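*Asks:* Here the structure of chain A is known, so what remains is to put chain B in place on it, guided by the hints.
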Amino acid sequence: MNELTPRATAGRAIFATALLTLAAGCVTSRVENSREGLTGIGKGETVVIMAKSYHLGNETEAKYITCIENALGRGAQGLRVIPRKQFIDSLFPWFEPRTAPSETKSLPKLMERPGVAARIREQGVRYIVWLDGDTEKVAGGGSLSCAAGPGGGGCFGFAWWQNASDYNAAVWDLDGLESAGTVSADVSGTSFLPALVVPIPLIARTQATACKGLANQLRAFIVSDEFS
Amino acid sequence: MTATLRNLLSGTLVAALAAGCSSNVTLDPPTIPEPLIVKIPMSVALRLPENFESFEHEEKVLGRDVWKIDLGRSNAVFFEQLFGYMFEDVIIIDAEEFAGGAAQPAFDALIEPSIDAFEFAVPVQTKTDAFAVWIRYRLKIFDRDGDLVANWPVSAYGKSLTTTLGGSDALQRAAVLAMRDAAALMIMKFDDHALIASLADPGSTTAVEDDERAETTAQAVANPGVSDE
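Chains as they are written, first to last, in this note's numbering: chain A, 1 to 228; chain B, 1001 to 1229.
Here chain B stands alone, though its shape is the one from the complex:
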């Protein structure tokens, strides 16, 4: 009897040691500050994938513990906020309703973000006190006829040290920083990659382009030899 009890106890102890630890982190939807930019005068439709409403990711550190992060609907909130700040008018489209032949709302462009990859590293892996998060979003931009005009991968990175925040808080902070990094990149490079200006209302775009072209020509005539960077 005593031997059985001892075996049971030692078995439990070995199993507990072998199992390691598991850490679960839940991210509250982030709030990004209102950017200091001029809104793009366009109406865009935003179609969010289902996994933006509930996104989880798990990393197993070899021979150590398991880290799981639950982003909840952080991605949905993030894109709704960001495009709300970037464009004059944003319509959120329900993916199923749109596919089911419902009346299509009027817009200049349809943007469909998705997540290509989500990874993170914990201090044991980075060999520092830092948690690091990498997110690769993909933005597909369609014109009003539904033709794909741009397919842009957006790679973002966030890093946070553990010393003052503790493990869970540091991972959350790194994820929020990665989202802010993605926001900064999209704000800076949106038109270069998404060719969004070409999808604006043709009449107004042409007028703006004509004005800019005229101005550039006038400057070139006034300052020969000075080129725009």
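This is chain A alone, in the form it adopts within the complex:
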């Protein structure tokens, strides 16, 4: 029988800890879309990702919007995405939280304002995607306590929490000044934090999953011209 050397034992312990740390908590995800019109995107046409106004109570995180922008633009099939700050500044003050159009029927009037249509055309913007939703902690429990003294420290206990990431993307086609449809991602997951001297986080990355799922579906929705 082979006996493990202290070095091999330590190596196995580190490996097991790393594996547990990397293991994600349990996540369930649902991504859907609802199409209202034909889509498709030409060479030189771009997309802008915007957050619905906080004047309307929306709290979509800036980090999530940046994640969607990056994910949509990434890869060989990536779309050309105009950074939202650049777009908002270039059309100031017509896309500020107070003034941004909240429905497509406001678009014709907006386009009649001096310089607006030309500025949008210059940037090749074909689609505006309006994001709304956020990530919230919906439940949690358990108990965890940590202590430290001259001889060392440690944590004992078990904590858990459940996050829900619910996001909705409304796609507006500026070619026809109409809504092309919506894509939504609902992701929920439970994270665990058991601690026996060392806490071992098992994190359910709901927001990252919602970002990846929504971005993939959005790209397919915009590029494809099929009703689904």
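Among the hints, erroneous ones may be present.
Computed far set for chain A versus chain B, every beta-carbon distance over 12 Å [what the hints assert, rightly or not]:
1) SER34
2) GLU36
3) GLY75
4) VAL138
5) PHE156
6) PHE192
7) LEU196
Pairs of lysine-lysine, BS3-like flavour, derived with a Cα cap of 25 Å [unchecked claim]:
8) B:LYS1127 to A:LYS109
9) A:LYS52 to B:LYS1127
10) B:LYS1189 to A:LYS105
11) A:LYS85 to B:LYS1189
Hints are computed from structural coordinates only; laboratory data are not their basis. Model, not experiment: these values are computed from the prediction. Glycine included, each C-beta is placed from N, C-alpha and C at the ideal position.
*Replies:* Chain B only, in chain A's frame:
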């Protein structure tokens, strides 16, 4: 001796815990983008109050910390930029010089902004990750004879989440967003509230109004039953 030292140390510790923390935020003067609008063909004089050159505000969160924001001359820069974009000609008037009987420059209207209220809320108060800033400006508009023609309160709001920016940056960002919100509101509603068109050079205004009236009448005759919104 040891007991005295222990008492001193514990006293210091209690005092430090009771004092809480204090956060100071300094706002760099904001730059608002050039708006996509047609300039109003008027010459306006802008008289800024003294506190626009140096404005500070402090919020004490009950039982917690103290937040202080120093806007410096952000308000002065903001109004100079905004009205520079909105009007064809803007003259900045020195309040003391004007009151002292100096020769009055020619203008169509005099605008005197002030701050009625400035408030902010930190995440402990909003129960979210957000900093929120409310500003209520007041615009007094005088005609060229010095008569008050409009007195317009402008309420603006800005909100920024802490997660990516950190506390100080988020508060600064919320203040800038509140100023941009005020700018958007003033651009959209200026004429409705400030009746600025009525103060323009009477000759040119009448001509424009006459042209518009004639056009509206012509359209009404051509399309009976279609009314303007």
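*Asks:* Each of the hints needs a verdict: does it hold here or not?
*Replies:* Structure-based check of all given hints:
{"no.": "1", "hint": "SER34", "in the structure": "holds (28 Å)"}
{"no.": "2", "hint": "GLU36", "in the structure": "holds (26 Å)"}
{"no.": "3", "hint": "GLY75", "in the structure": "holds (24 Å)"}
{"no.": "4", "hint": "VAL138", "in the structure": "holds (15 Å)"}
{"no.": "5", "hint": "PHE156", "in the structure": "holds (27 Å)"}
{"no.": "6", "hint": "PHE192", "in the structure": "holds (22 Å)"}
{"no.": "7", "hint": "LEU196", "in the structure": "holds (31 Å)"}
{"no.": "8", "hint": "B:LYS1127 to A:LYS109", "in the structure": "violated (38 Å)"}
{"no.": "9", "hint": "A:LYS52 to B:LYS1127", "in the structure": "holds (21 Å)"}
{"no.": "10", "hint": "B:LYS1189 to A:LYS105", "in the structure": "holds (21 Å)"}
{"no.": "11", "hint": "A:LYS85 to B:LYS1189", "in the structure": "holds (24 Å)"}
Consistency with the previously given hints fails for number 8 only.
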